[in-house]
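A.B. asks: Sequence:
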Amino acid sequence: MLLGIHDFINSQPILESSLKRASEVGLEIRTDSPARLADQLSDGKLDMAMIPAVEYLKQADRFRLLPNISISSRNKVGTVLLVSRVPLNAIRSLALDERSRTSIALLRILYSNVFSAGLKLARQEPDLDKMLSQYDAALIIGDQALGVSRENVSVYDLSEEWFNRTGKTFVHAVIAVREDIKVEGRIIQFLLNAKQEGLQNLEAIVQTQANKTGHPVFLLRDYLKNKIRYDFGEEEMEGLMHFQSLCHQVGLIPQKFPLRFV
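Residue numbers (my numbering): 45 to 306.
Any given hint could be a false lead.
[Unchecked claim] In silico DMTMM-like pairs for lysine to aspartate or glutamate, Cα to Cα no more than 20 Å straight-line:
| no. | residue 1 | residue 2 |
| --- | --- | --- |
| 1 | Lys271 | Glu204 |
| 2 | Lys239 | Asp105 |
| 3 | Lys64 | Glu241 |
| 4 | Lys239 | Glu228 |
| 5 | Lys120 | Glu205 |
| 6 | Lys226 | Glu72 |
| 7 | Lys226 | Asp91 |
| 8 | Lys164 | Asp187 |
| 9 | Lys212 | Glu282 |
| 10 | Lys120 | Asp187 |
| 11 | Lys174 | Glu142 |
| 12 | Lys120 | Asp105 |
| 13 | Lys212 | Glu278 |
| 14 | Lys300 | Glu278 |
| 15 | Lys300 | Glu223 |
| 16 | Lys271 | Glu72 |
| 17 | Lys300 | Asp105 |
| 18 | Lys256 | Asp187 |
| 19 | Lys89 | Asp51 |
| 20 | Lys239 | Asp51 |
| 21 | Lys239 | Glu278 |
| 22 | Lys164 | Asp180 |
| 23 | Lys64 | Asp83 |
| 24 | Lys64 | Glu205 |
| 25 | Lys174 | Glu195 |
| 26 | Lys271 | Glu282 |
| 27 | Lys239 | Glu72 |
| 28 | Lys120 | Glu282 |
| 29 | Lys89 | Glu278 |
| 30 | Lys89 | Asp76 |
| 31 | Lys271 | Asp187 |
| 32 | Lys226 | Asp105 |
| 33 | Lys271 | Glu60 |
Bear in mind the hints are in silico, worked out from the structure with no lab data behind them.
Let's have the full structure, built from the sequences with the hints guiding it.
C.D. replies: The structure is reproduced here in structure tokens:
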């Protein structure tokens, strides 16, 4: 069975533990960006994948969800950022991180009534300096957004803005399974165990990621321990359903479906 997971820092508590013993349960893991994983799942090249939440909502009739695992946040997250050189209502051009789709949908929900009608949008590689040299503002996600701090720009954390407006948890990514794929209970349990093992070994993961990325240990520890949530319980489901309703209202998804789990 083929499973796709993005290789961002926030996935490491699930990914690192899974990679160690995936072959024991007949699982092959492939890594890529969230957006490309969604395309590969949709095209039948993967059996299940961690994909942007909005991609699940767009195709909820074709996919089911793996229970009790998500990438979520409640309030500030630090890795879904709108960075602008000008006031929000003065943005005329906006670079969008090409790796994400949920954050683009969230950006539209939060700020479409603020942005100018003639806003120029362009998908770009996640290079903030280059993005801001060519555009008024940039939407950047993932590892490249973590710890962003610079003069003469305004930084908006979209997860924080979502929480301030709705009071709900925001679900960034879910593990979706194609409708025609049967997932054995042992694979579900394997992934749940991997998540638990990863959360119990956060300090080691933090040290590994600090060496790999150059990010400070305190920043990574706070991010993985306090900012990211890995469960998919009532709060996460409520947040995802609310996001679904707002996406439907603004025309980002054609219709609403109840959440379906394997």
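A.B. asks: Compare the structure with each hint and give your call.
C.D. replies: Going down the list of hints, with the structure as the test:
1. Lys271 to Glu204: Roughly 11 Å between the alpha carbons, so the hint for Lys271 and Glu204 holds.
2. Lys239 to Asp105: Violated, at roughly 27 Å.
3. Lys64 to Glu241: 11 Å, holds
4. Lys239 to Glu228: 17 Å, holds
5. Lys120 to Glu205: The hint holds at about 8 Å.
6. Lys226 to Glu72: 15 Å, holds
7. Lys226 to Asp91: 9 Å, holds
8. Lys164 to Asp187: Measuring from Cα to Cα gives roughly 25 Å; hence the hint is violated.
9. Lys212 to Glu282: With Cα atoms ~7 Å apart, Lys212 and Glu282 stay inside 20 Å; holds.
10. Lys120 to Asp187: Judged against 20 Å, a Cα distance of about 15 Å means the pair holds.
11. Lys174 to Glu142: 14 Å, holds
12. Lys120 to Asp105: Violated, at roughly 31 Å.
13. Lys212 to Glu278: 11 Å, holds
14. Lys300 to Glu278: 18 Å, holds
15. Lys300 to Glu223: With a Cα-Cα distance of about 17 Å, the restraint between Lys300 and Glu223 holds, given a limit of 20 Å.
16. Lys271 to Glu72: Given that 20 Å is the threshold and the Cα spacing comes to 29 Å, the pair is violated.
17. Lys300 to Asp105: 9 Å, holds
18. Lys256 to Asp187: The given pair, whose Cα atoms are some 11 Å apart, holds under the 20 Å limit.
19. Lys89 to Asp51: Given pair Lys89, Asp51 holds - Cα atoms ~18 Å apart, limit 20 Å.
20. Lys239 to Asp51: This hinted pair holds, its Cα atoms lying about 15 Å apart.
21. Lys239 to Glu278: Cα-Cα ~18 Å, so holds.
22. Lys164 to Asp180: Holds - the C-alpha atoms of Asp180 and Lys164 are around 10 Å apart, at most 20 Å.
23. Lys64 to Asp83: 26 Å, violated
24. Lys64 to Glu205: 37 Å, violated
25. Lys174 to Glu195: Roughly 16 Å between the alpha carbons, so the hint for Lys174 and Glu195 holds.
26. Lys271 to Glu282: Holds, at about 18 Å.
27. Lys239 to Glu72: Since the Cα atoms of Lys239 and Glu72 sit roughly 17 Å apart, the hinted pair holds (cutoff 20 Å).
28. Lys120 to Glu282: 18 Å, holds
29. Lys89 to Glu278: Between Lys89 and Glu278 the Cα gap is close to 31 Å, so the pair fails against 20 Å, i.e. violated.
30. Lys89 to Asp76: 13 Å, holds
31. Lys271 to Asp187: 13 Å, holds
32. Lys226 to Asp105: Given that 20 Å is the threshold and the Cα spacing comes to 16 Å, the pair holds.
33. Lys271 to Glu60: 19 Å, holds
Going through the hint list in order, the structure does not satisfy hints 2, 8, 12, 16, 23, 24 and 29.
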